[in-house]
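Read off the chains here:
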Amino acid sequence: MSATVALPGFTDPVGEAQATFRAVLDAMARPGRLNRVGAQLTAPAPLDQATAAVLLTLVDNETPLWLEPLVAAAGDWLAFHCGASIVDMPGNAAFALALSLPDLEALSAGSHEAPESSATLILQIGALGSGTRYRLSGPGLREPTLLASNGLPADFAAVWQRNHALYPRGVDIILCAGTTLTALPRSVSIEEA
Amino acid sequence: MAYVTVKGGEQAIDNAHAWLAEERRGDQAVPELSLAQIEGQLGRSVDRAMGEGSLYDRELAALAVKQAQGDLIEAAFLLRAYRTTLPRFAHSLPADTSAMQIRRRISAVFKDLPGGQVLGPTYDYTHRLLDFGLADGDAAVVGPCGGETMTAMPRVPDILGDEGLIEHDGNGEAEPGDLTRQPLTFPAARDMRLQALARGDEGFLLALGYSTQRGYGGTHPFAGEIRMGEVSVEIEPPELGFAIDIGDITVTECQMVNQFKGSKTAPPQFTRGYGLVFGFSERKAMAMALVDRAMRAEELGEEVTAPAQNVEFVLYHADNIEATGFVEHLKLPHYVDFQSELENVRRLKREVTRMTESAEAAE
Amino acid sequence: MPDAVPPEQPHAARRRWIAVLARSDAAELCERLGTLPAYRVLRGPEAGLVMVRGRTGGGGAPFNLGEMTATRCSVRTDAGCVGHAYIAGRNERLAELAALTDALLQDPTRQNALMEEVIEPLAAMQQARRDAVSAKAAATRVQFFAMRNMRS
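Chain order of the listed sequences is A, B and C.
Sequential numbering from 1 applies to the first sequence in our numbering.
Sequential numbering from 1 applies to the second sequence in our numbering.
Sequential numbering from 1 applies to the third sequence in our numbering.
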């Protein structure tokens, strides 16, 4: 068993999981809003605290998880603390974890009968709140809001709009940096600001 | 259809709960029931709550039985609700009933089978005479005496199987479906049917099983073997990478043997029904095996005519928590619906009266 | 109990002591362990569910029978051994003690003493309980050919 497993998970599993879940829910309902989670966690490298908190909260042995190669080191910790079953093919995953935007079309976009069966991408980036600015509009936003982030690819807005066009199918993204997270549900529209 | 919120009922509900607590406790001069007493002395109630609640935990089931004042469907309901608060760690390796520590093992098809007829703590020979000695309490209990060691207990299907007279269990290590994770769809595969029967209402299954014996479908069953005892449960945690034994559970298993005439392609063979339930629940295991076999009618090329053979009918109505949910929902306010029905009936009555009156006036 | 572990079953000894620990009583185990060494909990103790599976017909394809409660715990001793426990029922104290014992048993310098003082006595008690049940069951086996003298 690897050394990372020796790192504990949530110290208060019920309280911290509840608080993290609430934060993710809030972020999905109000796209672009920044929430703080995971401040108590010791995350296994190369994961940030928010990323680790989101995974501990959402992933279990019934939600197949795909890890991009760069985060494979955290696999043992995730398998131990979440009971995660790790899959090879991104298309079979309910959750995908990456440090840079993967090909969204390789992830499951759900079906018309069950759009919710799509994958959720947990994307860890350099920073939230500073960097390239995007304008978000759509459900949950009375007026468009600005999201600043560091670490998304240059053509992100175009890539996202292709995903957005699949609605009600599509992939949702939870962006994590440090102890901050925000969410981009498929219903939101993104353009460069 | 809208349900009207009940305002001003909070006080009434609080008082209802207070009265319920009082009724549940009963006469304060009488000692309160302990969970150990229920678990130890009302084991069959505990077994039924576990089976239909689909949660094996004797202490929790005893608590549910106490809280429900002995209403076993209510107790099963409590257990079903409680299990939603617990995370699932793993599924077990399939339990090996041939390695069971036998408490009871009988067969109606072979008299002197290997391992013998072991009666266990059965009611079968009690003549159903009320024992007023139990009413006095504190009667000295003398356990069974003498007894050599147990010998090997091969399964009856294997004994018959050696001669090729009985259908095999079937192969496959396919991942079974799970009713707690996916809704029941039809046609329902055998694994889903068995899961549904195992958690189904004992009374419903008993009646259906009985119906097959009375001619509503049915193929002359024999109780090939019934065994009851402890089986060990094993899981394979990923952090260990090998299977470990986490403890024992008590189960009852029933093999029903039914005759099949054979066809152009299949030689004449005995066909089977299977029952497996938590606890010492022999009646349910037997009923489950009868209904399991009945539901295989179509697969075995038999005409589907009877309720027990109708897979949708059986599986949609077997779960008593689902059944009671819908039956008891009728208690919820249906004021608006009823109001509109009331208006309809009054209007029709007025029309009939008017037509009768104008018909009389015309004469 | 085998002194040498057969190559086909590399974990036979550990599987055996895990099975014994899972069936033990927390107070009994605690008493036999004596002073507990320093350790840290990695996960749990937490209660959860195990879906019990049976086989169609008793030997065929698996099906889900129903869930049972289970408690698990993983600990790491200061000496660096990691122990795990999964036990039937809801018993956080037993799960933690069993995980600790599993960790301690993996230390070659302590294994023999622990096997002798903790595992073997518990295993013997558990076997005695099983034997008692077996004897009662055997007493209820019908002796079809038992004859009784009609004359005294």
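Rather than coming from a laboratory, the hints here were simulated on the basis of the structure.
Any given hint could turn out to be false.
Straight line, CA to CA, 25 angstroms or less: simulated DMTMM-like cross-link-like pairs of lysine to aspartate or glutamate [claimed, not checked]: (1) C:K136 with B:D14; (2) C:K136 with B:D96; (3) C:K136 with B:D124; (4) C:K136 with B:D162; (5) C:K136 with B:E239; (6) B:K331 with B:D124; (7) B:K66 with C:E92; (8) C:K136 with B:E230; (9) C:K136 with B:D112.
Status of each hint after checking the structure:
no. : hint               : result
1   : C:K136 with B:D14  : 50 angstroms, violated
2   : C:K136 with B:D96  : 22 angstroms, holds
3   : C:K136 with B:D124 : 17 angstroms, holds
4   : C:K136 with B:D162 : 31 angstroms, violated
5   : C:K136 with B:E239 : 40 angstroms, violated
6   : B:K331 with B:D124 : 41 angstroms, violated
7   : B:K66 with C:E92   : 24 angstroms, holds
8   : C:K136 with B:E230 : 14 angstroms, holds
9   : C:K136 with B:D112 : 20 angstroms, holds
The earlier numbered hints that this structure contradicts are 1, 4, 5 and 6.
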